[in-house]
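Number of protein chains: 2
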Amino acid sequence: MEHTDLKTKIEEYCVYIENALEKCIPEQEALPPDVYEAMRYSLLAGGKRLRPMLVLAACEAMGGKREEALPFACAIEMIHTYSLIHDDLPAMDNDDYRRGRPTNHKVYGEAMAILAGDGLLHHAMETMAAACVKAPSAERAEAMRAIAHGAGIYGMLAGQAADVALEGKSLDVKTLDYIHLNKTAAMIRGALEAGALLGGAEAETVKGFGLAGQNIGLAFQIIDDILDVTSTTEELGKPVHSDEKNQKTTYVTLFGVEEARRIAGRLSMQAVNFWKGQGESCAFLLALTEYLTDRTY
Amino acid sequence: MEHTDLKTKIEEYCVYIENALEKCIPEQEALPPDVYEAMRYSLLAGGKRLRPMLVLAACEAMGGKREEALPFACAIEMIHTYSLIHDDLPAMDNDDYRRGRPTNHKVYGEAMAILAGDGLLHHAMETMAAACVKAPSAERAEAMRAIAHGAGIYGMLAGQAADVALEGKSLDVKTLDYIHLNKTAAMIRGALEAGALLGGAEAETVKGFGLAGQNIGLAFQIIDDILDVTSTTEELGKPVHSDEKNQKTTYVTLFGVEEARRIAGRLSMQAVNFWKGQGESCAFLLALTEYLTDRTY
Chain W
1 MEHTDLKTKI
11 EEYCVYIENA
21 LEKCIPEQEA
31 LPPDVYEAMR
41 YSLLAGGKRL
51 RPMLVLAACE
61 AMGGKREEAL
71 PFACAIEMIH
81 TYSLIHDDLP
91 AMDNDDYRRG
101 RPTNHKVYGE
111 AMAILAGDGL
121 LHHAMETMAA
131 ACVKAPSAER
141 AEAMRAIAHG
151 AGIYGMLAGQ
161 AADVALEGKS
171 LDVKTLDYIH
181 LNKTAAMIRG
191 ALEAGALLGG
201 AEAETVKGFG
211 LAGQNIGLAF
221 QIIDDILDVT
231 STTEELGKPV
241 HSDEKNQKTT
251 YVTLFGVEEA
261 RRIAGRLSMQ
271 AVNFWKGQGE
281 SCAFLLALTE
291 YLTDRTY
Chain S
298 MEHTDLKTKI
308 EEYCVYIENA
318 LEKCIPEQEA
328 LPPDVYEAMR
338 YSLLAGGKRL
348 RPMLVLAACE
358 AMGGKREEAL
368 PFACAIEMIH
378 TYSLIHDDLP
388 AMDNDDYRRG
398 RPTNHKVYGE
408 AMAILAGDGL
418 LHHAMETMAA
428 ACVKAPSAER
438 AEAMRAIAHG
448 AGIYGMLAGQ
458 AADVALEGKS
468 LDVKTLDYIH
478 LNKTAAMIRG
488 ALEAGALLGG
498 AEAETVKGFG
508 LAGQNIGLAF
518 QIIDDILDVT
528 STTEELGKPV
538 HSDEKNQKTT
548 YVTLFGVEEA
558 RRIAGRLSMQ
568 AVNFWKGQGE
578 SCAFLLALTE
588 YLTDRTY
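Same order as they appear, the protein sequences are chains W and S. Residue numbers for the first sequence, in our numbering: 1 to 297. Residue numbers for the second sequence, in our numbering: 298 to 594.
Check before you lean on any hint, since a few could be wrong.
Restraint ranges, calculated between C-beta atoms of paired labels, are given here [as the list claims (entries may be wrong)]:
1) E556/S <-> S242/W: 51 to 57 Å
2) H241/W <-> K403/S: 30 to 36 Å
3) K65/W <-> G343/S: 46 to 52 Å
4) S467/S <-> A45/W: 30 to 36 Å
5) E324/S <-> K207/W: 24 to 30 Å
In case anyone wonders, no lab produced these hints; they're calculated from the structure. Here the structure is a predicted model, which means the values were calculated and not measured. All residues carry an ideal CB built from backbone N, CA and C; glycine is no exception.
Use the sequences and the hints to build the structure in full.
Pasting the structure below:
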């Protein structure tokens, strides 16, 4: 896939996703507008929309319709957004900026930020449950579980908790992998599994999509660590050098920038090879994977 | 139903629920034990187990098996527990004790308490999704949605957010009803709807169960407000007079203890009449409703 085609396709997915997210949370109710406004503030703050894009693209790659996957795509972005809101809280990373704007608690206060995060997680659950009610099927139930599992206490939440529990401690690569695999990769895995399931993929293929997602997710996190060192606040839209400030062990502190890049490249290549094996239907996922890995150079 | 029979039945449900909750969250993983321990600390701290009991009892009343409803019962108790953990946080009600023990953040710190709450909500979602995967059906999907809806941004979360947003303000009865209906009653409604659905009830009956749940929930919240004034910390296992301390408008401040009791009694009676109309199968739900309302005297 040509670079311009990739860019066009990404842009097209983003517009589609933004439109859907815009309708996810009501603009206001009788009482209280605050929490809906706080939810919308973070949900509609832009971002790469990578996770929902993977849900939609995986579904389409397997021959499904993107409309079918849309509630699940919105749900995973709501979960991702909630995790950022809670992650930024004073009791956690205590970050003031996110995506170039003040963080949720800086605008709405701590109590409302906690509730806005909770609300997004609640609404992800309700949105997927409603999609399962609308057209009950084993595939939809499995897609919901894949996302819930990737996000949950054996996935993202476990990684986040380990990250918090081990803050300031020097980590070995095994522990760091545990954190990255759970905190970041599990949701990317869940996104691709869910999309493949909704597209009607066989169990074996779903597994392959999941593994590719895990490799992409790990590469993605390593690249985030690299960018934290090599980038500027303006480029990233969030504070850089935060890992150094928080004395975090990362792939960069363990292996240096160059070796970290090579490791991310190898992980990316494993995913790329899987997409190649799937043929033309996965051309976008292949190009997207390469594009995501290229952003470190 | 005789009082001793009711007590025996409640006790039996509680044992059944406690056993299941004990198995919900792993005792430990390689990394990090903290968040699982924090989740278990609050989930296994006792409590009335009212919501899961209603799920099971409603399912059985409609001719279903309690095992079928168990994952949904556990999920609703996990959601209830998460809401208490977050509610107690310093940024929210800042409570030091809950069920006679130090609150979650007092033991595990604020960051871990936020994550333990998040984890319980995550795991409620995953537990229900897994139940839907195990035996996909419209009823299970609808039960999941009923619980998600009762807990979510049009239910409990909205009530909690209004409560926080309007803290310290003097409220009229309409606003207070909005808070109570959402914060407390919506989950009780969701519990009874989910149970009825899992037991195979018709749509009209599910609606009736839901309305009964709403009346019980509102009565229950009014009674909580009354007990905050008339009870002691030892009796309740949590601090009393917290509403007065926080200058909260309640049914007691609006109507006085006696009139608040009468209103709760009327709401309870509406539910009781519905159970009576359902006949012998709802005898336990009837007796339970009367028992819950009697606790103010």
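Honestly, which of those hints from before does the structure not fit? none
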